[in-house]
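Student: Sequence:
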Amino acid sequence: MSIEALDWAFKLNRTDVSSTMKLVLLVLADFAGDEDVAFPRQTTISSRSMLTREAVNKNLKKLEGVGLIKATGRTHATGATRSSEYKLNMLASSRHDPRDTDRGVNRDHPQGVNDNHRGENDDHTRSDRGSQGGVNDDHTLNLPLEPSEEPPIKNRVRKTRPWPEDYRQQFWALYPKKPGDSRKEAWAKLDKIEREDEVEFDDIMAGLKHYADRMAAEVRLDRKNVKFIAAAVVWLNQARWETEQPVAPKPTGGAWSAVNGKRVTAI
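In the working numbering, the protein residues as written are 576 to 842.
Keep in mind the hints are simulated off the structure, nothing from the lab.
Note that the Cβ used here is the ideal one computed from N, Cα and C, for glycine as well.
Subject to a maximum C-alpha distance of 35 Å in a straight line, what follows is the list of computed DSBU-like cross-link-like pairs (lysine-lysine):
1. K586 - K759
2. K752 - K734
3. K636 - K767
4. K597 - K645
5. K633 - K767
6. K586 - K636
7. K784 - K752
8. K764 - K633
9. K752 - K799
10. K597 - K767
11. K633 - K734
12. K802 - K759
13. K767 - K734
14. K759 - K662
15. K764 - K753
16. K637 - K586
17. K734 - K753
18. K759 - K597
19. K767 - K802
20. K767 - K645
21. K753 - K633
22. K802 - K764
23. K662 - K767
24. K799 - K759
Label pairs and their computed distance ranges (CB to CB):
25. T590 - K759: 27 to 37 Å
26. P754 - G642: 45 to 55 Å
27. W747 - R798: 14 to 24 Å
28. D778 - K753: 19 to 29 Å
29. K636 - D777: 33 to 43 Å
30. R758 - A781: 19 to 29 Å
31. S659 - R736: 36 to 46 Å
32. A748 - G640: 42 to 52 Å
33. E610 - K586: 12 to 22 Å
34. D582 - S658: 21 to 31 Å
35. D582 - K752: 41 to 51 Å
36. D605 - R798: 36 to 46 Å
Sequences and hints are given; from them, build the entire structure.
Tutor: In structure tokens, the structure reads:
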């Protein structure tokens, strides 16, 4: 792990880099060595970032497109595919970011003075503002803080009622237990449903209660029926809460027959 690479990735702030791109870049930086090169598999990046393989591949291409990384394919001696090599272009953020001309640093003036002499008074004495945008004694950039040009993020207006903070735990506690079921996948899908804001959490839990009761009854009849419990992420992907109905109570006694007024056992 390269502390310098992680620090660079964390502090990266460019208009052409989305939050998802930055997340993937942070994972690469976490795997990078002293040479700023990382070799994680895409499945590993997907696991660390909680993104799909498709999303990881898409954002790796975007990062390469803006010049922040260079990806090189690798193969084993047998010809089998290995994980790619990802070279972090840590200088690219200053080379390609158009906002650099407003920050008191460019290639022509490595000591933090632009062509408009920002950071230097008319009598060529260094101003306090210039010292904030120059180079520290350890040759690291000391960039001034600037007001954000992005509009403030407004609080999201939900279409459904807010979900409880522990909605993941509530769901998982009620879902029928099946050996090998993935809580992580189920929670990721549940998070997506919450963000999409199209479904009431109470509706999901109501349908899940019916499903849990039904599967509990099936398992009581035969323990082998546990294999018919759907994986939680599958249940969510198929929106099964929309079709689940309460378990109909089984008759406990006979029913009066219309013939001869006798009581007969219901079938």
